[in-house]
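**Q** If you want the building blocks of each chain, they are given just below.
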Amino acid sequence: MIIRQIEVRNFKKLVEPLVIESLPDGLAILVGENEEGKSTLLQAIRSCFFDKHNMTGERAQSLQPYNSSVRPEVRVEFQLNGQSYKLFKAFCHKPQAELITPAGRMADAAAEEELARLLRFTPAQRVRRDASDREHEGIFGMFWVEQGKSFTGLNPTADGRSSIQHALQQEVGDVLGGRRGKKISDEVAKRRTELLTAGGKPRGEYAKAIEAVQKAKHELAGAEASIAEYESKLQDLERARARQKRYESEHAPEQAEGRLNSARQAATRIAKLRQTVTQAASALETAHAEQQLAANRSQQRARLVQEAEKGKREVEELKSGWDAKHRFLAEVRQRLESEEKVLRDKIQRLEQADAALAAASVAEQLARSQFELDNLLAQGHKALQAKGKVEKAREAAAAIRIEKKDISRLKHLQESVTKAQTELNALATNVRIDLDNGVKARIGRAAVVSGSEYRLMETTTIEIADLAKVKIMPGGEIGNPRAELAKAQEKLKTELAQLGVSGLAEADARLEERQNQLTEAKSAESIVEAHAPDGIDTLQVRIAEIRGELQRLTELAGGKPKPLKEAATAVADAKRTRDAAEQERMAAEKRAKVTSEEFSAARTAEAGANAGYQADAQRLRESEERLTNERAQVPDAELHKAVIAASDRVTSAEQTAAAANKELEDADPESVDLELRVAEDALNQLRKEMGDLAERVIRRESELRVTGAQGLGERKQQLEAEVESAKTALASFERQAKTIELLYSVLVEAERTAKETYLAPVSQRVQSYLKLLLPGAELRLNEDMEIVGLRRDQVVEDFQLLSLGTREQLAVLTRLAFADLLREKGQPAPVLLDDAIVYADDERFKRMVHILRKAAEKTQILVFTCHERDYEGSGAPLIRLADCRMRAGASSAADA
Amino acid sequence: MGITVFHTADWQIGKAFGGIGGDAAVLLRAQRLKTVQRIAQEATVRGADAVLVAGDVFETNLVTNETMYGLLHALEGFKGPWVLVPGNHDPATPESVWHRIESVERPENVHIALDTAPIELADGRLAVLPVALQRKHEFEDLTAAWDGISTPAGAVRVGLAHGTVEGRLPAQSEATNPIAADREVRARLDYLALGDWHGTYQISEHTWYSGTPEPDRFKDNAPGNVLVVKIAGPGAKPEIERLCVAAYTWHSLEAELTTSEDLTVLDAKFTALGEPFDRHIVTVALRGVVDLGMREQIDRLLSKWRGRFTSLGEDISGLLAQPTDADLDRIDTAGFVRAAMEQLRAIHGDPSAPHQPYALGALRLLYQIHTAGADTR
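Keeping their order, the protein sequence lines are chains F and V. Going by this note's numbering, the first residue of the first sequence is number 624, and it counts up by one from there. Going by this note's numbering, the first residue of the second sequence is number 20, and it counts up by one from there.
It is worth saying that the hints were derived from the structure and are not from the lab. Mixed in with the good hints, there may be bad ones.
[To be verified] Calculated pairs, DSS-like style, for lysine-lysine (alpha carbon to alpha carbon, straight line, at most 27 Å):
#1 Lys1339/F <-> Lys238/V
#2 Lys155/V <-> Lys1339/F
#3 Lys323/V <-> Lys238/V
#4 Lys868/F <-> Lys856/F
Chain F with its partners taken away, still in its complex shape (with noise of 0.2 Å):
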């Protein structure tokens, strides 16, 4: 079909005629502003072809302007088949339907099925539910698309989805099987889920075949292992009886008596033959005692006669020692006693010598005491005398009262005078008086001697004789300096008469003499304090001591005193005296001291030799009687035999022994101990033995009996039996799942396959523009003609996750495919886009208007915009609204 002219009146908001004429087999934008009713213009196309011309109620009612009451027009004129149609419809008022064809004219309800059957649409039994109501517009609701609704995918009507789909077998063939096949495809999915899990585990029966096979083959072992253990205890039997038996045939119990009784003989021999040889043992034992005792005997006669012997020598050694000690002792005594007379001598002479130097002594004494008072005395006189120059000297002294500070002072005074008289002077007038022949002058009382100079200082009146009186004040202010001179002068006289004398010469004088008074008394101090440093009150008190002295050792000494030379010479010759004494006493003590020392050793010596002498003396008169009485007893010679006979007697024991052991050597007593010890053993060895294998027969024979009444044997059977049907089951479950499996995944692949190859004609037109878009991407579409996904780098996006813009694009280039398919198999349909490529950018937008022209050059496209510019380069006619209103209005008019 192709759209070749549109008329629209009162419809909605196109009120006012509009006619678009002339539209092209192609590519054509209707470009209108906004709200100058482009989306009406869709609205009022769908209504003339799909809309029932008598509907009533709201939905009639909204097709007509706002608030007015006015007949909606559309007229449409379109070819189909090379053929041209005119279609008109008119709404609510004198409703009216006409459709002319090549055949002729047609009116209301004909018009429309006629309509219906061109298109191949199935008409609404009723009114549409609203203008989105798409099921009633066969191909062409899918190729006219509102505005802002193409992003949202194809949504195909169920008449446009036929038509592909038809359009699609006509090109493919059969491959999906229709419902049949899906009949068979679910049927065996099902039998699969009996049998497998999703994953492909087994369930249900088979699950539980696989279980009795395992229960069935652990029951099965279980009475496998219980038969083993029946046949193990059976052999166990066979073997205890077995041996039972060989026991029994071999006489083993009485054999094994037998031996043990041989080798007890055996052991009582050997019994014997030990007895003979410990007593032969001990015989020999008692024969090496009596020899010994024999021996030790005539050995101790022996030790006696020699220890007698000894003792002799000894005695007679220690008796000749004590004689030469005795004799030493006596010598030694006799010596002391002459070295302590000597020294009783010299003790005397000592005591002598220490009472003539006691008296030299206090001769001494007497003299030094006189020697001293007389000194003291001297020296006492001495100081007096000094003592006497210096009161005299501080008398002197004294009476001078001139002291350095008056001097001082006087001359300061001196000074005040010197400095007034001299300030006095510097004032002074010098007044030269030449007197006139006669005339006479006089200055107070005194004239004046014409020619004379006089030099005033004060108020000074000249008294010219009868001519004048001169009244000289010189200096003006004179009278202070002379005031000040005369005090000073009054001052200096003062201090002089209070000192007593004339001038500062004889202050200094006076002062000198002073100082020399006070050097002699310090001078005679120092004589003073040579002789008497302690005062001369104590040098007498001294003095006085030593006459009390000097008085008490001239009454010791009974006379007067000597010299202090004489004295001191005597007493020193009496201590030499002395000394010499003290000596020669000392010499002799030391002698007698010795000389009693080595007395004391000789006495000692002495008596101890003594005491050994006589106690060996004793000790061998009594081993001489010991001796003399045991010979008495028994004689030397009788000891001597015994010794011999104790030794034979001993060769003798020695030799019975030897044979006694001898005999049990021979006799092998370790072989016939162990025989014995084996003998035993093996006896209760069988003995046990016997004993434990009738216990095990009876406990094993018990054991089979019980166990044998167990029936394992059949139910070992059965349960094969068992094992074999389940394994039979399990096999046949297993072979039915792997069939079923091999089935349903053979199928899956084969459905996917059919599909893929029942798209593939769609899939084809699609690539041709979307590799224009979106070069190397691949769009997936399923069965039901609706967009699934994009394929882009390996991966498969969600259709609904993808970006606005580019499901509207892929949406539109889907339906440009299908437009292309239907046209090709004799359905073209125009695509109709109002506003369908808003979400693109510049270089999408491009594109997108580069694959419009391309499907352009078979299928007309009519795109509503109200971007003029975009579509600029596009080359396709642009048709304004605004210029179709107006030569609507123009024809209008014209047909007026």
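Starting from the structure of chain F, add chain V where the hints point.
**A** Chain V alone, transformed into the frame defined by chain F:
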């Protein structure tokens, strides 16, 4: 006055029939006791002097007491003497089932031979020389002991043993438990009653295997009998009668299947086994190449007969099912299901494909789903 003895063996009471499985196994197991009852009944009817059982009375020594008592009860039907000897299945090991019987209440008329001591019966007219296996496998010929055992001059000497007559059996199975081929001569026997071979088999005029009275396998060697042995007197030639006492017959069949006519033939073969069908234990080996439709028909036929026979087993290793275009067309001519079928057929035809063993099953399953769907449509 001669003697009549029943010679039987290999009862194998307690056998489980694992290879058969299911309810049939239970029936077969129970039947063995019933067959013994039948023997007792026949022996009574025919006035037998004794029933000699040549070993393998029990399937195993380790049977339950219930099984043991079950047997004793079955023996009650014949009041004359029973002589039982142990075989390789139930040797006289210590505390074996025989000792258990001895330890409970062994009936007076039931003789259990645990050694080679002769048993005199029928008022001294019959001397039975038994031999008892002491273990599963004896390597010596225990019957040699008989050579030196004398019996009363007027008594018929009958040997009773379980084992293999050396070099005389059709398929020499076991080398153990040997019995010399000339034992009847050496031991001066009038008759040697043997057990172990499950079919009735004659070794010589005087030596027989009775076979098992109730068949227990598909081997076609004439089982299912007891031998009624009549001997006029010492040195007389024994007169043997085969008496069939079996309840079940075992059949091993074969069939070549190509067309649906072949199915009719097979159906007829089954029918020919005769009523009552529940007395048959059947196995059938199928061969041939068939399409899927035929394959399903075969299954239906087998199901039908499985419901009639006590047991029907099949060996289909020789049966090759080849899905044809027509098979596939019946399911679907186009669409992905058809594509899947082609794929499965390719796998089926490629022996090296990992899933090859299951491809045919998958196709058959598809076919069945399709058929079931068609049925419900």
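**Q** Against each hint, give a clear statement of whether it holds in the structure.
**A** These are the hints, each one checked on the structure:
no.	hint	in the structure
1	Lys1339/F <-> Lys238/V	holds (24 Å)
2	Lys155/V <-> Lys1339/F	holds (18 Å)
3	Lys323/V <-> Lys238/V	holds (25 Å)
4	Lys868/F <-> Lys856/F	holds (18 Å)
Hint check: no violations occur; every hint is consistent with the structure.
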